[in-house]
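Residue strings, one per chain:
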Amino acid sequence: MADVPRIVFTTALATLMYALGGVAAVAASPAPAPKATAPPPTTLLYLSAKRLDFFYNRFLIEGDGNVRVRTSDGFTVTGDAFSMDLKLNRFLVAGHVTLHDATGTVSGAAISDFLDFRRIYFVPVTTEPDRWTFLDGDLAHPVKGRVMPDDAFYFPSVGEHPSITATGAIIGTKTYVRFVNAHTYFLGAGAPLGSYVVNFSPNQYFAQNTLSGASVDLTWNLAGNTNSLTAVHLRYDPTYKTYLSVEQHFVGDHEYAILSVNPATRAEKWWNLALYEKLGSRFQIQTFSQYYAQQNWLNMPRAAQQTTYINATYAFPHSYVQATSQLTNYNVLGPGSLNPGTIAGNLSHPSQLQLTATSFQNKIAGLPLYEQIYEGYGFNHDSVGGLQYDQGSNGIPPIPIPGLQAYGAPCANQHDAKNPPVYYCPVYTTIWNTVLGFNLYTPSIKLNDPPSPYQAYYFNASFNKQYQWNSLPHWISTASENFSINRQFSRSLNTYVGYQILNVGDHYINGGYVPCEPAGTSYCPLSFTSFRGVSTLRTTSFGLNLVPTPDFNFSLLVRHHDDYPIPVPGLFGLPPNNILGQPLYSSYLGQAPYDATGDVRFKVWAHGLLDVSRTFYWYGNPYRTQFWQPTFVVQLLPI
Amino acid sequence: MRRTALSLVVAALAIVLVAASSTVVVTGQLLAYESGYVFFTTGDGFRVATGVSIRDAKTGGPTAIAPAPRVWARATFDATGTVTELDLSRDPLPPQGSFADVAHYAVALSSPVPNPDLLKAIETPAPGQTMVAVQSFSGKPVLVTFIVQVPPYTPFTASVYISTDQSGWNAQAIPMDRVDALHYEITRRFNSGTQFRYLYDRGSLQSQEVAQNGLARTPRQLLVTDADVRVIRDTVTGWQDSAPGAVNQPQPQIMPTPYNPAPFPNLPTCLPAPQPPSAHGKPPPPPGCPGGPPPR
Chain V
25 MADVPRIVFT TALATLMYAL GGVAAVAASP APAPKATAPP PTTLLYLSAK RLDFFYNRFL
85 IEGDGNVRVR TSDGFTVTGD AFSMDLKLNR FLVAGHVTLH DATGTVSGAA ISDFLDFRRI
145 YFVPVTTEPD RWTFLDGDLA HPVKGRVMPD DAFYFPSVGE HPSITATGAI IGTKTYVRFV
205 NAHTYFLGAG APLGSYVVNF SPNQYFAQNT LSGASVDLTW NLAGNTNSLT AVHLRYDPTY
265 KTYLSVEQHF VGDHEYAILS VNPATRAEKW WNLALYEKLG SRFQIQTFSQ YYAQQNWLNM
325 PRAAQQTTYI NATYAFPHSY VQATSQLTNY NVLGPGSLNP GTIAGNLSHP SQLQLTATSF
385 QNKIAGLPLY EQIYEGYGFN HDSVGGLQYD QGSNGIPPIP IPGLQAYGAP CANQHDAKNP
445 PVYYCPVYTT IWNTVLGFNL YTPSIKLNDP PSPYQAYYFN ASFNKQYQWN SLPHWISTAS
505 ENFSINRQFS RSLNTYVGYQ ILNVGDHYIN GGYVPCEPAG TSYCPLSFTS FRGVSTLRTT
565 SFGLNLVPTP DFNFSLLVRH HDDYPIPVPG LFGLPPNNIL GQPLYSSYLG QAPYDATGDV
625 RFKVWAHGLL DVSRTFYWYG NPYRTQFWQP TFVVQLLPI
Chain L
8 MRRTALSLVV AALAIVLVAA SSTVVVTGQL LAYESGYVFF TTGDGFRVAT GVSIRDAKTG
68 GPTAIAPAPR VWARATFDAT GTVTELDLSR DPLPPQGSFA DVAHYAVALS SPVPNPDLLK
128 AIETPAPGQT MVAVQSFSGK PVLVTFIVQV PPYTPFTASV YISTDQSGWN AQAIPMDRVD
188 ALHYEITRRF NSGTQFRYLY DRGSLQSQEV AQNGLARTPR QLLVTDADVR VIRDTVTGWQ
248 DSAPGAVNQP QPQIMPTPYN PAPFPNLPTC LPAPQPPSAH GKPPPPPGCP GGPPPR
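Top line first, the protein sequences correspond to chains V and L.
Here the first sequence is numbered in my numbering, starting from 25 and rising by one per residue.
Here the second sequence is numbered in my numbering, starting from 8 and rising by one per residue.
Listed next, the in silico SDA-like pairs over lysine to any residue satisfying Cα-Cα at most 20 Å (straight line):
hint : chain 1 : residue 1 : chain 2 : residue 2
1    : V       : 302       : L       : 225
2    : V       : 198       : L       : 226
3    : V       : 168       : L       : 116
4    : V       : 111       : L       : 226
5    : V       : 489       : L       : 264
6    : V       : 627       : L       : 171
7    : V       : 302       : V       : 341
8    : V       : 302       : L       : 223
9    : V       : 168       : L       : 114
10   : L       : 147       : V       : 181
11   : V       : 470       : L       : 242
12   : V       : 111       : L       : 229
13   : V       : 302       : L       : 224
14   : V       : 74        : L       : 73
15   : V       : 470       : L       : 192
16   : V       : 627       : L       : 181
17   : V       : 74        : L       : 72
18   : V       : 302       : L       : 212
19   : V       : 627       : L       : 148
20   : V       : 627       : L       : 180
21   : V       : 489       : L       : 249
22   : L       : 147       : V       : 82
23   : L       : 147       : V       : 573
24   : V       : 198       : L       : 225
25   : V       : 627       : L       : 198
26   : V       : 111       : L       : 174
Simulated from the structure, these hints should not be mistaken for lab results.
This is chain V alone, in the form it adopts within the complex:
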């Protein structure tokens, strides 16, 4: 049993949850589900021409010379010119057209296939020109003389340089195009791509990805079809510099699977697997697993870790139950991997499971007030704790907390530590919790009734209270209150003022947070010395949005924080930033008392906006420290 890697248990648990989900879904399947209209079937077009141009901004394919189109609908067309609007899902072949199918061959001037409507408009030239319409794919019985749409044979006007050129393409209607012998262009120079896939499926699951952020990412979609996409990424980030990553997507109407390795060309590799499945109308499960390996290419890893998140949701008519779990193994290598001198990490393997029932948001009587309640049960577990096996060895003292938390009386063995005692027993390796909370909010209350809507003031508020009781004798309470009043001064100008109070208390029935000493030093400023685990963050905000046109937007947010413990520059670090350089958390201990963020967005070309923002932080007296966010945050956004 001891020889079985823990990742096997993790996998087994994930499989079990999927299996239980399947059972639940079977039970749920009779539930009423809205009947969706069957989408039009995907048609495959095999296209070749002397030259094909693809215009990414308009999703147009234009082809000239020796055009040949073979369709999965059972006919082949040749001609001089080709035009297809991938979004409108229709194509046109013009000039010396031949239409060939099982019933024979007809020549003509042009043919246009409106795939979504299953209508083919054809201008045949037999003894004289004519107009035929084929209905519902029936090429044997044309309806002759039928009036055609005015734009059936319209060529779009394209003046710009194509994004991609090719000599062949396979088009899965409404989903993807795979270009053959493709070239793209950068500063006028052509770069060969070979095979390149443009995916334009409306299925949002294609956008899911498992790669971490990077400063630059050039994506080469080298293969794909209606249900899959294979991409190689050339990336750059400050840690790993330039490297390659590979990602594979498999996508269905109700599920997806995404596999990636990132960076693929560095010794430190993260192998990622994201799975999602919606079973029936009431159950879904999704998992994310990450396997970290430090290895040269695919050689034996020197270190390997694994973590898995599982999230399963079952919907009831007026509530839902959600199970979330995280399972981590900080070492999944075999025996001997933790010997001195190795880098394999440790045997810690924390896990967590939480089961939460949440109600819908319900209106309270006839009041403009809504409520939502939730309750959850769960546990955190870590039976080992990092470095536990190093206790007392090589002159290194054991760590104070081998499991999750030590709490109780001083341990008998203090490992030669002098008084006062350092080590407490018992060590809690599992901490159970019960969570109870509710949300209360009012969406918008009009405060006055002026003649003009631009003189009206609106008030809204929300309140959240949550308790978490733990099996270790402490409990956590959080409360958040938000109030705001806003006014629209004109069509283009909107302002609001808001006030938020966030209380977080980590209460111990006995003991708890001890004073920070020595008091009054830079390590332990006075407010921090009196900190006993309860913090209060108060934030006053003023926001302004100026949007004279949709192509220009200016927003300003000025905030004042009145927090306890009082922030001290340098004592608390800033939170980590996201990929855009913005703080990951909106509230944190030690945030500067004043901050102001300006953001400007404006149109820089027909299909793009430039977004520039910067934040100014300022500590008031007695520190007077002020600083700008290190860099401007600049984003290019599509319109």
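Place chain L on chain V using the hints.
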């Protein structure tokens, strides 16, 4: 009698003179040129004279451009409806004439048959009748304002975006502006007829909105119809990554307090961990901190 006869002669002469000099000119884009016919992108095919004159539309002289699909042409019709001259250009030509005037010259073996697929022209209602509401799509720009109400537990400084299938579900495609504690707003210009699917998110696909029942929601759909302004009001009932009741994720050697790891990741390392009361006084600060043992 004589006067009547004279009038008829004059009228006939006038008709002959007018007919002799009547040439019609239209410009358009070519669809095909083959089998003695020239086809325009209207789908109409016109008979071409045997000795048709093909010239450069700009210079009026000879041209190297061959009549072919995509080429722009100025076609001159004679009185019989035959094309006698084609002036060609690779660039669009100024509009001239109307294909409605030459439609009767188009050659087609079959007689026109109405197409039930096509929308009928909207007729003015009779007095006392109301006009039937019909969605129309002229392609004109329409200002569309999205106003979304977010869940009350949305962080006050959260950024909210709209992702659409038109931008490849880019999670930061359309940034919105906060207008109060619970609402965000953005105005964009779309051409009428635009149709797309969209979802709200907080900047990543992991923070996308979910349905009220906690399940991933079907994308919303918008079809922009003709209007000057449209206001879309939506409500987000939950975010995928911040369901109510979430408890801190475990980290090795870290007790699950609200200060570690989130939402306060920056607790100073010199703050002693919560401990039970001790009969021996306060425990020493952690290693490396003032008054504590040296760092390991």
